[in-house]
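Enquirer: Each chain, written out:
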Amino acid sequence: MRFQYLLEQALGNLRRNVLVVFAAVVAVLVMLTLVFGTIVVRWSIDQDIGRWDENVRVIAFLTDDLSLDDVTALQSEIQGWDEVEDVVYFSKSEALQEFHELFADQQSLIDVVDADPSILPASLRIAPKEAAEYSTITDRLVVIPGVQKVSAADEAIDALVARSSRLRTFAYWIVIVLGAAAVVLIANTIRIAIFARRDEIGIMKLVGAGNWFVRIPFLLEGVMEGLVGAILAVALVWAVAPSIAELFSTSATVGSLDVPGDFLFKQALLVLGFGAGTGLLGSSFGMWGFLRD
Amino acid sequence: MIRLQDVAKVYDGGTVAVRDVNLEIAKGEFVFLVGPSGSGKSTLIRLMLRQELPTEGSIWVAGKEITSLPGWKVPLLRRSIGTVFQDFKLLPTKTVHENVAFALEVIGRPKHVIRGQVPQVLKLVGLAAKADRLPNQLSGGEQQRVSIARAFVNRPLILLADEPTGNLDPATSIGIMRLLDRINRTGTTVVMATHDHAIVDAMRRRVVALERGRVVRDQSRGAYDQSAQLSDEFEATEG
Chain A
8 MRFQYLLEQA LGNLRRNVLV VFAAVVAVLV MLTLVFGTIV VRWSIDQDIG RWDENVRVIA
68 FLTDDLSLDD VTALQSEIQG WDEVEDVVYF SKSEALQEFH ELFADQQSLI DVVDADPSIL
128 PASLRIAPKE AAEYSTITDR LVVIPGVQKV SAADEAIDAL VARSSRLRTF AYWIVIVLGA
188 AAVVLIANTI RIAIFARRDE IGIMKLVGAG NWFVRIPFLL EGVMEGLVGA ILAVALVWAV
248 APSIAELFST SATVGSLDVP GDFLFKQALL VLGFGAGTGL LGSSFGMWGF LRD
Chain B
683 MIRLQDVAKV YDGGTVAVRD VNLEIAKGEF VFLVGPSGSG KSTLIRLMLR QELPTEGSIW
743 VAGKEITSLP GWKVPLLRRS IGTVFQDFKL LPTKTVHENV AFALEVIGRP KHVIRGQVPQ
803 VLKLVGLAAK ADRLPNQLSG GEQQRVSIAR AFVNRPLILL ADEPTGNLDP ATSIGIMRLL
863 DRINRTGTTV VMATHDHAIV DAMRRRVVAL ERGRVVRDQS RGAYDQSAQL SDEFEATEG
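Listed in order, the protein sequences are those of chains A and B. Per our numbering, the very first residue in the first sequence carries number 8; after that it's consecutive. Per our numbering, the very first residue in the second sequence carries number 683; after that it's consecutive.
The set of hints was computed from the structure by calculation and includes no laboratory data. No residue lacks a Cβ here, since even glycine has one placed at the ideal position from N, Cα and C. Wrong hints could be hidden among the right ones.
What the hints assert, rightly or not - Taking lysine to any residue and the SDA-like style, the derived pairs with C-alpha atoms no more than 25 Å apart in a straight line are:
#1 B:793 to A:292
#2 B:746 to B:712
#3 A:156 to A:84
#4 B:755 to A:292
#5 B:771 to A:296
#6 B:746 to A:123
#7 A:273 to A:296
Said to hold, decoys possible - Residues of chain A clear of chain B, computed beta-carbon distances all greater than 10 Å:
#8 111
#9 206
#10 220
As the list claims (entries may be wrong) - For the chain A half of the interface with chain B, some residues (derived, Cβ under 8 Å), not all of them:
#11 9
#12 13
#13 207
#14 211
#15 213
#16 217
#17 218
With the hints as extra help, turn the sequences into a complete structure.
Expert: What follows is the structure in structure tokens.
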């Protein structure tokens, strides 16, 4: 009954100041829509990076003078590096077989290679733990004797990683700028609500209402504003998530990109929590200096 | 019940509201605080309620030293004190019943207690028939009765009244004083700040007179003005 009472007070406050409450909710909505939207965009970009993660091998082509023992030694040395996930040895014959598969429709090329199979070098194919670490690996490989050439799909990864981190920066700035605006707007609604109820609050304090009994409705009011804004943002982004993913993924043509529900759900919970937190912060600021004994 | 020891209150800016106040009020007493505007009556009331902290001195209320009371305990102090003001301080959108019930709701009293106590106290102040009226449908005297009902519904040990008859005509004031007297007879300590000569003279209770923040007279069964004090002194010198 007591909680119901506090809740009714908070709802009463919200109803009384519809217009300023609306402004505060919209501020939270805009902020969190951009944040949640950015999360989804980053997800689609990270999917692309992830695709590279699985496929990319930094390829170290070996000179022909290495013995099998040398190769094994080299392989286990590289395997020991921190940034390396896996190293696979690709022999000359395997290289030839792969060449046949890749260029099956270009008989002239195959003819050339078949004439002298030794022109295809053996190689070590290295999977980095993270795609972004390919450059470190490349740098370490080129100075090793016995490695004649290193190749990696670098620029594509670089661009994606850069894009992903730019988006993260973007999201931080949104949180800072729009978050501050949302907090101030919520604080403003709380001030107005306190002002509208100052007589009532005065009487509550006179008859000995507990400090938190006076404060909680206002805190709840702020939390509700933040939460409503967050719920709207989540609904909005969730509805358009597939389109966002399609728009921002470079490999969208390969197949449909369904943003997985459990990913969205987890992120949505975070966004909701963040909205509620924004509201709590706003109402705390709004009460600052007021509602003391 | 209430004890003030060497109490002084200086507001920011240097205005001295009260100084060197030593006062002891026993349980069940009825005390008038009298004096001209600005003499410090209201400040004393605010100090006893801990709406203000004294610049110097100590204050005990209901056995507790309240100047060192932590903020979260202040509500508990106030539950043992009922307060009545000149301007009634009723909520205009709540009925008489709701205004009184509000005081119990916000300190977490259960509904069945509220249902029992509110009609009882409204009967005591003579407003049982007007429980569903709004404050603006009542006369000034009736509104003050509601505010007294609200102050008393929680059966406080102390009732502090700051100019409770200040907005009322003499006839209505008498009714309010009868009510406060009745509450006092239940054992409640009553402290009332006033500059209503007629009431103080008629009641003949303890009078504490203030002037520019100092207690200049403390008399049991006193009157408002100096002449009464003079005659008392005259009696004293004679005897």
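Enquirer: Sort out whether residue 123 of chain A lies within 25 Å of residue 746 of chain B, counting only the CA atoms.
Expert: 104 Å, violated
Enquirer: Check the non-interface label on residue 111 of chain A: least C-beta distance to chain B beyond 10 Å or not.
Expert: 82 Å, holds
Enquirer: Evaluate the condition: distance from the CB of residue 220 of chain A to the nearest CB of chain B exceeds 10 Å.
Expert: 6 Å, violated
Enquirer: Taking 8 Å as the limit, does the beta-carbon of residue 213 of chain A come near enough to a beta-carbon in chain B?
Expert: Cβ of residue 213 of chain A sits 5 Å from chain B, so the hint holds.
Enquirer: Hey, residue 156 of chain A versus residue 84 of chain A, does the alpha-carbon distance stay inside 25 Å?
Expert: Roughly 18 Å between the alpha carbons, so the hint for residue 156 of chain A and residue 84 of chain A holds.
Enquirer: With a cut-off of 25 Å on the C-alpha distance, tell me whether residue 746 of chain B and residue 712 of chain B pass.
Expert: 20 Å, holds
Enquirer: Verify the interface restraint on residue 207 of chain A: the C-beta must sit less than 8 Å from at least one C-beta of chain B.
Expert: Given a least distance of 6 Å, the restraint on residue 207 of chain A holds.
Enquirer: Does the structure keep residue 273 of chain A and residue 296 of chain A at a Cα separation of 25 Å or less?
Expert: 37 Å, violated
Enquirer: Please verify that hint: residue 218 of chain A, Cβ, nearest Cβ of chain B, below 8 Å or not.
Expert: This interface hint holds because 6 Å falls under the 8 Å limit.
Enquirer: Given residue 9 of chain A as an interface hint, is its Cβ closer than 8 Å to any Cβ of chain B?
Expert: 6 Å, holds
Enquirer: How about residue 13 of chain A: closest beta carbon in chain B under 8 Å, or not?
Expert: 10 Å, violated
Enquirer: The hint names residue 217 of chain A as touching chain B; please verify it with the least Cβ-Cβ distance against 8 Å.
Expert: 5 Å, holds
When each numbered hint is compared with the structure, violations occur for hints 1, 6, 7, 9, 10 and 12.
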